[in-house]
Each structure stands twice: as structure tokens, then as C-alpha cells.
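Protein chains in written order, with our numbering: chain U, 1 to 168; chain S, 1 to 292; chain E, 1 to 784.
Incorrect hints may have been included.
[Stated by the list, open to error] Calculated pairs, BS3-like style, for lysine-lysine (alpha carbon to alpha carbon, straight line, at most 25 Å): (1) E:LYS648 <-> S:LYS270; (2) E:LYS436 <-> E:LYS477; (3) S:LYS190 <-> U:LYS147; (4) E:LYS769 <-> S:LYS190; (5) E:LYS585 <-> U:LYS93; (6) E:LYS585 <-> E:LYS563; (7) E:LYS436 <-> E:LYS648.
[What the hints assert, rightly or not] To list a few chain E residues with every Cβ distance to chain U over 10 Å, as calculated: (8) LYS6; (9) TYR49; (10) LEU176; (11) PRO180; (12) ILE230; (13) PHE407; (14) ASP692.
Don't read these hints as lab results, they were simulated from the structure.
Model, not experiment: these values are computed from the prediction.
Just so it is clear, CB atoms sit at the ideal spot from N, CA and C, and this is done for glycine as well.
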Amino acid sequence: MARHPSGGSEDGTGVNLQYSGEEKIAVGPGVVWAFVTDPGKVGRCMPEVKEVAVQDQTHVDAVVQVAVGPVRGKFKLKVELLPDASGRRIDMKISGGGFGSAVDMTAGADVVDAGDGTTLLKWSGQAIARGPVAAVGGRVLDAQAKKLIEQAFANVRRELSAPMVDQA
Amino acid sequence: MIPAAFEYVRAHSIDEAIAHLQQHGGDARVLAGGQSLIPAMRFRLARPAVLVDINSVRDLSYLRASDGVLEIGATSRDSDVERAGWIGDRRWSLIHDVSRVVADPVVRQMGTVVGSLCHNDPSGDWTTAALASRAEVVVRGKAGARTVPIDEFLVDSFTTAVGEGEMAVAARFPKPDDRTAGSYQKIERKVGDFATAAAAVQISLNADGTVRAAGIALSAAGPCALRVDEAERLLVGREPRDETIRAAADAASRRSAPQADLRGGVDYKKHLAGVLVARGLRQALARLGARA
Amino acid sequence: MSTEPKPGGSLGVAMKRKEDPRFIQGKGRYVDDISLPGMLHLAIVRSPYPHAGITSIDISEAMRVPGVRAVITGKDLEAAGLGWLPTFHGFDKQMVLAIGKVLFQYQEVAAVFAESRGAAADGAEAVHVEYAPLPVVTDPFAARTDQVILRPDREKKTNHIYHWEVGDKDATARALRTSPRRISQRIWFQRCHPAPLEPCGCVAQFDAMGRLQFYVTSQAPHVYRTALAIVTGIAEDKIHVISPDIGGGFGNKVPVYPGYVCAIVGALKLGRPVKWIESRTENLTSTGFARDYHMDVEIGATDDGRMTALHVATTADHGAFDAAADPTKYPAGMFGIVTGSYDVPAAHAEVDAYFTNKAPGGIAYRCSFRVTEASYAIERAMDILADELRMDPVEVRRKNFVRKDQFPYQSRLGFTYDSGDYQKALDVALEKIGYKELLKEQTAKRLRGELMGIGFSTFTEVVGAGPSKHFDILGIKMFDSAEIRIHPTGAGIVRTGTKSQGQGHETTWAQIVAEELGLDPQNIMVEEGDTDTAPYGLGTYASRSTPVAGGAIAMAARRVREKAKKVAAHLLEVGEADVEWQDYKFQVKGVPAKSVTMKEVAFAAYTNMSQNEPGLEASYYYDPPNMTFPSGCYVAVVDVDRETGEVKVRRFLAVDDCGIIINPLIVEGQIHGGLTEGFAIAFMQEIQYDSDGNNLNTNFTDYLLPTSLETPHWETAKVTTPSPHHPIGAKGVGESPNVGSPAAFVNAVIDALSPLGVRHLDMPITRDKVWRAIRAAEAKTALA
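Just need the whole structure built from these sequences, with the hints factored in.
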């Protein structure tokens, strides 16, 4: 579930987008931490992901399919994971290209022990979109970006809650 | 800008168009007026592999008022509606108002009503009017035709109930009775701009002057055109007095969920939603010769 | 001097434009109509980042796109010595293609040459550039702190470009300090863009003789030729610049753009013609913008409204390069006109310019070299002064006008105004707009809480650059020229160094020649824009054509008349001294019956010239003795909807004084066009960058051009004070309506909102802005 705040700066420019939300995950924080610091697993949680290529321990490239009405195409994302030494917070830098545009996102998630064997994943993010996608699609961008980010974190929850063959 | 390469086919019948759409699925787009699709293609945001041109399908070009329904074919232009001989009748005042403010006079020569509904732009005018007047869309696919009420047809921004391999062939507006009038109130920065805020209102009165039915919808107030059922309920069964109108307007303002952009802030647009619903109701009532 | 056309004359005749039939039938010949055999198409790769280092440019995928023939980057150009080109102002240079880093969003990064436009666009998409983002500076006040240095390539590591000032700093500061009344206001003229209907473009070809044929949308073809010779090293006689029909310039087509240089380089390297036509987005985001002046205005006054001093300190946002096309000694153009129509005893104006991460430019959109900014500042400030003194803005203006008997008037900021009658223009305006009745209506409306406003703008501007002792572009003095040749059958051709982009030169110049020589303007052909045939000129912008080239044409025509007189004397069988030019004929002095027409003389010049030089032609290079000073009084009447913030312009009256009018119809066209632009600027136009450096107005959905449906109906009238130094007494008019109107609109809106305590709003006056101002004022009243 995501809370949707102002959706832009005071004068309503709309290309600087901020989101936040929370996912309740039915496994312990240690399992969640292992998941969100794994580039391959994070890459595969991107919505409509078509290709995932892990570059190293903290870098993964992904290609996602975007389809909003007539606008359809692929967006290339480069994800960098920045886990905090405390083991309780992970930051992410995501830069994407496609449709002659550039999207830069920073996101962060706090892995919080709910005390009952479950975990609260509190996340927030900020996106800056540039180019035709922002200029022409600005009116739709906010809602779509919000959807994609919500979906990504929901996918994390789903992956972790579903019974998995190996949970190491 | 220059669009990406695409294939072009011209259909001469509805069946032929559907066959093409079936064959190419999500890679194909229907081309009618092209007034939204072509700009998206020129910015390379839309890259259909195949354009299926339906402008030569004569069976789609009609405006038919009969059996209590106004049926508009998929290739009927905005300007056809604007210039129809019967459009001056008060019962059609909502649709008449819309037909005069969609985009600009040049775009209206090519743009289509059905195309507008299928495009489902959050700031569109026809979608909003369709909600207020309880319209339906006829969708044809390989298996035949189905009629979808507008509330279900409009799914999300730029997304409708038309599936892959299907095509909308007509829009149906119920014919209002002679105690019905409407109004479309649109604020735009200039002719041709998307609405800063807009409200569609259609109101039917009983013989005793109370409201029998009300349709109230907002444009540019969320991901899709938005029907404000709370506002409608506040009016039905009551005399349309000033307090009632203001209550309906306030409900619309509260329900409105616009985005801030260069046209204005969220608070301004929500305020406008209320102002325009109130003005629309007053104008519709004035057209009915009733006093608020 | 009468403004009615003389019988048989061409001056003051409202003839329809000779060039229009081809334009309205789609038979014009624009750069994009030119197609040469073997022509390649150029598409430019642009940066989505406003400030970033370039880590790498990968062209391999682009080179594999079918139809792509070559891709070049800044490094390639640098190797050829063409990495940078000098800006017209001469103090700076700009990158052709980015070298090392990018400095504004949409800056040019790579050039793709392909067989078709589509292939070029496909190729551009396939060029992959890696950027390393750097901190972004979009606020000139932040740039001023030098926390982020944008131009490490420059000698001085600062974002401050220059400081310029004029006037008496100490006297003005003293006068302000001791004035009984003072107002001070920051007035911002927002960044906007002229958006000509035809974007910029060119076709470059090296012909079989190695000559560069360069078709280009240029308002100044000769200057381009000289600049290209200097930059490329190609001899100037081997460069042929041709500006064909141009679909609107408005200053946007004065600078030399990177696309032009890339096209020329491509044509040279690939041995094939290259065409480059930019898209609307490219035009709006990378070509010469206009304005962006933050002006701190202070006025000192006596209690009864006499101005004692004026001080203006401006912070100018120039974008990433100083590409403001100003004359060399005037980095802030003609900003010194900021004393406007007023006799101010002490004045001081200063401008500090800064780099920011935005597109370069600043001089465009009928600005007359910063006159629009200056005029807006003083006209807005006069209303603020009136508000402070609780005086009628009309009376404050009247009290301070330069009087008719003071002309030629020497302003404290260095201009010598040639002529004007400001009181008369104001009186005409007040009468035609029905000022007394409007004031009564306004009083009644205010009692009912209705918002109605009346706004004035009594402006004086300065055009006609300009006298050689003050003005030059890249060192070339700003004269202009004309060459006239009359044919045996009485038709003729005139060529000048100007270049029309819609101003109607093909008609106006013909009328001047026809008037001076008693010929039919329909048979005088006008040719401009081809550097092989036209005499050297500085081009058309800042309303300089009629004052300067118009002067050259009149003087050249008079030289033709002098030669013709000799042949006429021979035909009339009298001595030259006994011939006079009267009623458009040569006649024997005192014997009107004995006369010959110019047409007869023309024929004789080729068939029966006797001892005189055969033929009939002359040229003239005109160095104007001074600028000219058009003026006017504009009035706007508006009604504001409290609930929606909508402003309806109920009436707009423009009383203009542009000196002697050559063609009233063309002048009306110029005024209507300029007023429409002023309306757009006042209410709906802005090129905005957010704090991340994104350009928010990249196409006509977000950068608004008004349509005929919402543009107000323009009422016009004229007052005429001829320019005493101009050969025809003409002053020029193209810029005036854009110079004078924004203040009238804004003053009217502020007047409407003044009962609520609103004193100033920056343009564009959007509905959202008006509504917020009303709400804030209502909230304040509620608290009080």
C-alpha cells in the first residue's frame, strides 16, 4: 500500500516525483535482508521485467516492458544496491533510459522487525524524469511511476511470502 | 519529430479491420482521426508496428438518433456532431456544449467521438460527457459484439475495456426526455489546451420541479474522467435550490483528485471543480426555464 | 506633415503585399522545400541532463542502422579546429557539439548523417551516451554565489559574465536618499521564446567548384557569410549564403546554431549536400530564447508625483553561454531606454549577467535589444509609484513626460530622442477609450465587489541600430545598403542588405522606390537574402530595416533621380539647372506643360542618353546619424472573474507614433502581430526550468501560442511625429507593440486587483496566480 503525497513541487511541475509505502512481509527480517541485498532477486521483482543481468554483488541491469495505452516499449534500468552496515536499511540508485528519455531514481527501504516473526518493509523513493517521457507524458507519469514502484515492492512481498524451494 | 517505421493497412469493412487486429494483437493500433495517436507516434512514445486505417469503412460513419438512443459510429467526426441538424434541441445541450470545445475547430474536423472514448485521456471531454449521460460503447471482436456501460468501459488512464484484437465501433447516448438539459463547463488556458478543469452536468426534472435524475462528472480530476455519484444523489428527489447546488458542488470539489501541473495547483483545480459543477447546474436549469 | 498619400504617390498607400499571393497559396520557397540530388539528412543527439560530464559516447549501434552514413561528436570537431564557435556578442564562445560536458538540457551532443530523415532519427536514438551528472544551477542568484562553477573553460572561474552600467550612480543614489517618496520593486520579465512558425534549418552543399552553397534561415545572411569565413577559414568569395523565404524570425534566426556548423562539416567530409531541419522541441529548448531579466527598480519622487530619480539594478540570466546577439559595446543592449517617456533628473542603470544551466540566448522576440525589458520595468514601476502616491496613473505619467518642446531630448542614460508628442498620444487614447466613463463604471463595479481594471503603457522605445560611432556586430558597423537598377521599360529592381521574414519588404521597399521615382510599385522587384547579389547589410531585426535600409533605399533612389535628371534635361532640350522634379515628373522650371515622366527617361537612358552615362542605376550605403524613437500609448480594459481567476480583455487600444508611414496596411499587420505576442507573454508564455534543470515547456502543449479565438480585438490609432533625421521621416514599428503591450495588460490586472491590496504580480498572469492572489488578499482581510 502506498501513500501518495504532493506529487510534485509547490508550483506543480510534476517531474520530480516522491512516493512512500509499507509492506507487511510474513517472514523474519533476516530473510528479508538477504533478499533485498541480492541483486538478482531485486532485479526479478521489477514489474513486467523481461531480462535481468547481474553485473556484480551490488549491480544489476534489467529490461522492463512499459505499456500504458498507446505508449508501449522497453525501459532499460541500471540498479545499484547500497546496503547500510547496520543491516537494517538499504538504499538504491536506479537509472533508466528509453523513449529518448532518462529517469533517475533513488529509493530506500528500512527493514523493521515487527517482533512477531514478521517484517515491516518501509520504503520511500524519489524519481526525476527527463525528456519526452516527462515532457509529453508528464500527466500520466506520476500515476504510472507510482504503480510501478508499488508493484515492485509488492512483488518483493509476494516472492518472500510464497513457499520457496530454497530460502538460503 | 519523425515516427518510428510502421506498416500501414487500410480496412474497407469492420470484419477486415478486426481480422488485422486479431492478426497483430498488441502491435497494431486503429487509426481513425489520429489526433491523439499521431502526436504520440511523432514523439516516438507510441510505436505501433501496424496501423489499421478504418477511415474508409463506410459502415462506421453515421450519426443515428432512433429508438431512444443516439448512436455515433466510430469514424463520425466531432464536427459532424457539432453541426448536426438536431443538436440545437435542448435535450442534447450537454453534448452540444462538448462538441464546441473539444480541442480546437481544426482538430474537430478529423477527431472522432469514439476515438476519444477509446483514448481515455484523463483530461478528455467526451469521456466526461459520456459518464454524465450514462452512455455505452459497442465493442466488436472475433466472437461478435458486446455493449459496455461507460462506467466499466473507462478502466484507467489511456486504458479501456477494449481488448487485443477488438475494436470499438460505436458510442450510444440515451436520448434524454424533453425535461432534460445539460451543460459542459470547461476552463482552458487557450483553445486547444487540455482542460484545466471541466464539469459535465445533465439534469432531468419531474413535473413538480424536483430532480428526477442527475449526471455529474469531472474531467482532469484523476486518472480517468470521474463521475461524482455523491453529488448526483444529493440532487435526486429534491428541488434544485441554491443550497442543494452548493452541496453538490462541494461534494464534487472534495471528490476531485487532480494533479498539480503548469495549469494550476491541486487546491486551485479542486476549487474549480466545485465552481464548474455549480455553474453547470445553474446553466442546465436556466435552459430548462427553472430557477435555482 | 500630412499622412494622407499624395495623388500619384506611393507613400502612405495601403497596397496589398506583393509577396502574399505565393505565401497564402503554399507556393513559398522555404529551406525545407529545397531538395538537392544526393542530399543527406542530419539529426542531432541531445542531452537529457542539464549539467553532466560525458563519460562515453558509443556510436557503434547507430552506425549499424540502415541508411546511416556517419556520426560525429565534439571530439571530432575539436580535432578539425571547429569545436567552438564565437557567439555574436564576441565575448564568449559556445560548443558546437558538447566537449567533455553538457551545460543545458537538450544541448547538442552528436550529429548523425543518414540517407533519410527517418533513418537519421533512428540513428540518433541508437547513439548511447553515458553521463555523470553534476550539480545543477538554474537560479541566477544561486549562480552568483559561484558555489558551482559552470564554465571552467573560461579564464576567470566565475559565473559572473559582465557588469555594465550607465548614468550617474552617485547623483542618483543621493537623489533617492533625499526624496520624500520612494518605491522599490523587483520586477521579473520571464524567460520566453518567439517560436516562429518555421523552425531553424539549412541545406549545405559544396558545389563542383568547391564553393559552399549555404541555404539557411538567417535574418542576417551577410554577417553569416563573414562569420563562416572567419570560423572555417574558407575564403569569403567561396561562400554563398542564401536565405530564401523565411517563416518568421523574431530574432530567433539571428544566431549561428550548432546544427548549421555540423551540416557544413558533414557536407565537406561526406562530399554530399546535407539538410538539417530542427523539430519544434529543438527550437523551443535550444535556440535563442528571450528576456529573463530580474530588475530591481527604485523610483524617487516628490509628494505631488514628480520623479526625482530612477535606479535599476538587473540580474540577467544568460543560460550556459553568452549568446545574446547584442552590438559589441552594449552587452545589455539598449537597456538605457529605461527612463522611457519621462524626464528624470537623475538616473542610473546597471546589469550583471550570469551563466546558468539553461539554453543560451536572450536577444529575441521583438526585444529591440532589451528594450522590451526596460519598457516593461518603467511602465510597471510608474503604476506602482501611482499606487504608492494614491494618484491616477495617467496623471503621474503626464506630470513626468518629456515635453514636445524638449526634443531632441537628451536622456540621463545617453540617448538623444529624435521626436515625439507623448501628451497628444495620451489625449487621443483617453478620448478613444472613453476614460471618464470607464472610471465611473469601475467605481460602480467596485462597490459591488466586481473586479475591473484599466491599464496604461506610455512607452518610448529605440530602434534603427545604428550609427557607426556606437554600433557594430563582430566589428562590422551597422549601416545598411541599397542598389537600385531601373530597366528600359520603367520597371526596376532594388536589392538591400536586409532580409524579410514576413515584414513585407517586397512591398514597402518597392513603395519607397516608386515614391521617389514616380514609378509603379507593382513593377519594382525587391531582392534580399542572396549574398552573391545583395549589397552588404546587417540584416533584419530590432526594427532596423525601415530606419536604416529604408534610408539607404531613399538615398539610392535620389541618386538615381539625379542621374535621370541629366537625361531628362537632354530630352527636354534645356540645361540641367532648368529641370525640376515636380508631381512625380521632370518638368522645365515654370513650364509644367513641358515635362517627361521617369518611364520615358528610363527608356532614353538606354536608347537616347546623349553624352550621359548609359543605364540608370545607383547604390547607397547609409550610416544613420542616430537611432529613431517610436512611441505610443496603449490602454487595456480587463474584467477578472473572482471565482476562477480568469482575466478577460474587454478592450485594447494601441495609439502608435512610428513617424511617417509607408504602408498603413503593413503597419497594422505589424501592430496586430506584436500585440498578440504581448498578450501571449502577459498571460500565458514562459520557458520554465525546474530545480533539476528540466525544461518544462518543450512543445506547443506547454508553450502556448494564442489562437484567433481568444486573442482580443485590437483597436488602433496613430499620432505622427516624423523623425527629423530620417530621409523619409519614418521610425519603424515592428517591435513597438511587443515593447509596449505587456505592461498595459499587467497594469490593468493589477488595477483590477488593487482594491484587494495587490500591488504586483509577475508575468505570465495565469488564472492560478490570480486566484491565489485574490485568496491571499481575502484571507488577510479576514484576519484583519
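Here is how each hint holds up against the structure:
no., hint, result
1, E:LYS648 <-> S:LYS270, "22 Å, holds"
2, E:LYS436 <-> E:LYS477, "49 Å, violated"
3, S:LYS190 <-> U:LYS147, "32 Å, violated"
4, E:LYS769 <-> S:LYS190, "16 Å, holds"
5, E:LYS585 <-> U:LYS93, "83 Å, violated"
6, E:LYS585 <-> E:LYS563, "14 Å, holds"
7, E:LYS436 <-> E:LYS648, "21 Å, holds"
8, LYS6, "56 Å, holds"
9, TYR49, "7 Å, violated"
10, LEU176, "34 Å, holds"
11, PRO180, "39 Å, holds"
12, ILE230, "35 Å, holds"
13, PHE407, "46 Å, holds"
14, ASP692, "5 Å, violated"
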